[in-house]
Amino acid sequence: MKAIIPLAGKGTRLRPYTHHTPKPLLRVAGKPVLAYLLDDLIAMGVDEIVCIVGYLRDEIETWMAREYPRIRPRYVLQAVQDGTAGAVALAEPFIDDEVLIVFPDAVLELDYGLAATLPAEYAGVIWAKEVEDYQRYGVILTHDDGTMARIVEKPSEPISKLANIGLYYIRDHALLYEGVRHVLAQPTGPSGEFYLTDAFQYMVDQGARLLTAPVEGWWDAGKPETLLETNAHLVGTRRGGVDPSAVVEDAEIVEPVRVEAGAVVRGGRLGPGVTVEEGARVDGSVVRNSILGRGSRVEGACLHDSLVGDAAVVRGADGSVFVTDHSVVEVRRPG
8 MKAIIPLAGK
18 GTRLRPYTHH
28 TPKPLLRVAG
38 KPVLAYLLDD
48 LIAMGVDEIV
58 CIVGYLRDEI
68 ETWMAREYPR
78 IRPRYVLQAV
88 QDGTAGAVAL
98 AEPFIDDEVL
108 IVFPDAVLEL
118 DYGLAATLPA
128 EYAGVIWAKE
138 VEDYQRYGVI
148 LTHDDGTMAR
158 IVEKPSEPIS
168 KLANIGLYYI
178 RDHALLYEGV
188 RHVLAQPTGP
198 SGEFYLTDAF
208 QYMVDQGARL
218 LTAPVEGWWD
228 AGKPETLLET
238 NAHLVGTRRG
248 GVDPSAVVED
258 AEIVEPVRVE
268 AGAVVRGGRL
278 GPGVTVEEGA
288 RVDGSVVRNS
298 ILGRGSRVEG
308 ACLHDSLVGD
318 AAVVRGADGS
328 VFVTDHSVVE
338 VRRPG
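Just so we're aligned: 76 in our numbering is position 69 of the sequence shown, and the numbers increase by one with no gaps anywhere.
Simulated from the structure, these hints should not be mistaken for laboratory data.
Heads up, a few of these hints could be off.
[Said to hold, decoys possible] Derived lysine to any residue pairs resembling SDA-like cross-links, with alpha carbons at most 25 Å apart:
| no. | residue 1 | residue 2 |
| --- | --- | --- |
| 1 | Lys17 | Thr69 |
| 2 | Lys136 | Leu125 |
| 3 | Lys161 | Thr124 |
| 4 | Lys230 | Lys9 |
| 5 | Lys38 | Asp118 |
| 6 | Lys161 | Gly199 |
| 7 | Lys168 | Asp103 |
| 8 | Lys168 | Val211 |
| 9 | Lys161 | Leu125 |
| 10 | Lys230 | His333 |
| 11 | Lys38 | Arg276 |
| 12 | Lys136 | Phe101 |
| 13 | Lys9 | Ala123 |
[As the list claims (entries may be wrong)] Label pairs and their calculated CB-CB ranges:
| no. | residue 1 | residue 2 | range |
| --- | --- | --- | --- |
| 14 | Ser163 | Gly52 | 51 to 61 Å |
| 15 | Glu68 | Ser334 | 22 to 32 Å |
| 16 | Gly269 | Pro23 | 47 to 57 Å |
| 17 | Asp103 | Val335 | 32 to 42 Å |
| 18 | Arg22 | Glu337 | 51 to 61 Å |
| 19 | Gly274 | Asp54 | 42 to 52 Å |
| 20 | Arg79 | Glu259 | 22 to 32 Å |
| 21 | Ser334 | Arg273 | 14 to 24 Å |
| 22 | Glu259 | Asp152 | 47 to 57 Å |
| 23 | Arg157 | Ser334 | 16 to 26 Å |
| 24 | Val87 | Arg22 | 14 to 24 Å |
All values derive from a computational prediction rather than experimental measurement.
Think of the CB as a built atom: it goes at the ideal place given N, C-alpha and C, for glycine as much as any other residue.
All chains should be modelled from the sequences, with the hints used to inform the complete structure.
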């Protein structure tokens with residue numbers, strides 16, 4: 008099976024962290040979001056990956072070559088940011104059979120095996136999740152048999168809370184690309200983008216049956232607050248623990264936490280829901296529900312719901328802070 012991974016987006020909701028790091032390479036529980044996806048694709052036997060790149064493409068390609076040398080993806084440049092349909096259109100020359108399309112905006116926990124066992128009457132699967140903030144997503148309206156009836160991008164009215172999460176299996180690739188070409192031939196909406204979901208609507212309008220399937224776990228990584236929620240979940244379920252080479256002295260540890268190799272925690276209280284990345288140092292601080300980047304330093308602070316970038320320094324802060332790589336935040340108290 009082949010997979011398409013659109014990677015060209017700028018990650019504007021995660022700025023300033025994405026000014027120098029592509030959104031798919033932001034780490035959660037010590038691991039880039041893209042790495043969780045690639046591990047899943049490898050486990051299910053995907054044998055060819057087409058990566059649609061654009062913004063900070065060199066960083067993505069360098070990381071892939073270093074961390075996943077056995078994967079030799081095809082890279083296709085999306086020079087114009089014309090939306091998700093435009094991205095998938097660029098992969099058409101390489102797709103001649105069934106295909107997975109996966110947007111690396113979340114960490115997923117699901118059974119990909121549905122793609123292999125899907126009954127013949129279905130043209131594909133759209134995975135979905137019920138959400139409260141439906142305005143952020145494309146939402147799906149279904150027939151009684153669970154097949155897609157209609158999909159609407161970012162509705163202003165609560166017509167459905169069943170969110171399209173950006174994971175699709177399409178068996179009928181020919182009809183998919185017929186739909187993509189149809190979408191690209193239409194005027195764009197106010198955003199100036201062409202939506203892949205409109206191609207799925209075209210498929211349904213032509214009589215295709217797309218099954219909607221629930222995800223077992225879907226952990227969004229598309230904005231700072233959800234990145235922290237996803238970190239807390241992963242640390243609490245499968246990525247927690249203190250590395251043997253880490254130093255923890257006179258500190259209260261409130262599980263779950265993740266303390267990586269070479270990190271130092273002295274005094275104060277750490278956790279729950281905290282990742283202290285490789286080489287970071289925490290002195291005399293209270294930290295919960297936060298990610299402290301590689302080589303960062305937190306001194307005399309009381310932090311919650313915070314993102315501290317690589318090699319950043321936070322001294323004396325109290326509350327929630329968002330600090331980018333190589334930055335310094337220092338709060339000096341009177342006296």
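Outcome of the hint check:
1. Lys17 <-> Thr69: Roughly 17 Å separates the two Cα atoms, so the pair holds.
2. Lys136 <-> Leu125: Holds: Lys136 and Leu125 sit about 19 Å apart, inside 25 Å.
3. Lys161 <-> Thr124: violated, 31 Å
4. Lys230 <-> Lys9: The hint is violated at about 29 Å.
5. Lys38 <-> Asp118: holds, 21 Å
6. Lys161 <-> Gly199: Status holds; Cα separation ~15 Å.
7. Lys168 <-> Asp103: violated, 34 Å
8. Lys168 <-> Val211: holds, 20 Å
9. Lys161 <-> Leu125: Distance ~28 Å between Lys161 and Leu125 Cα, so the pair is violated.
10. Lys230 <-> His333: Given pair Lys230, His333 holds - Cα atoms ~21 Å apart, limit 25 Å.
11. Lys38 <-> Arg276: holds, 24 Å
12. Lys136 <-> Phe101: violated, 30 Å
13. Lys9 <-> Ala123: Answer holds: Lys9 to Ala123 is near 13 Å, not above 25 Å.
14. Ser163 <-> Gly52: 51 to 61 Å: violated, 41 Å
15. Glu68 <-> Ser334: 22 to 32 Å: holds, 27 Å
16. Gly269 <-> Pro23: 47 to 57 Å: The hint (47 to 57 Å, Cβ to Cβ) is violated, given that Gly269 and Pro23 are roughly 26 Å apart.
17. Asp103 <-> Val335: 32 to 42 Å: violated, 53 Å
18. Arg22 <-> Glu337: 51 to 61 Å: Taking Cβ atoms as reference, Arg22 and Glu337 lie about 23 Å apart, which means the hint is violated.
19. Gly274 <-> Asp54: 42 to 52 Å: holds, 51 Å
20. Arg79 <-> Glu259: 22 to 32 Å: Taking Cβ atoms as reference, Arg79 and Glu259 lie about 47 Å apart, which means the hint is violated.
21. Ser334 <-> Arg273: 14 to 24 Å: With Cβ atoms ~22 Å apart, the hint holds.
22. Glu259 <-> Asp152: 47 to 57 Å: holds, 53 Å
23. Arg157 <-> Ser334: 16 to 26 Å: violated, 45 Å
24. Val87 <-> Arg22: 14 to 24 Å: Distance hint for Val87, Arg22 holds at roughly 21 Å.
Of the numbered hints listed earlier, those contradicted by the structure are 3, 4, 7, 9, 12, 14, 16, 17, 18, 20 and 23.
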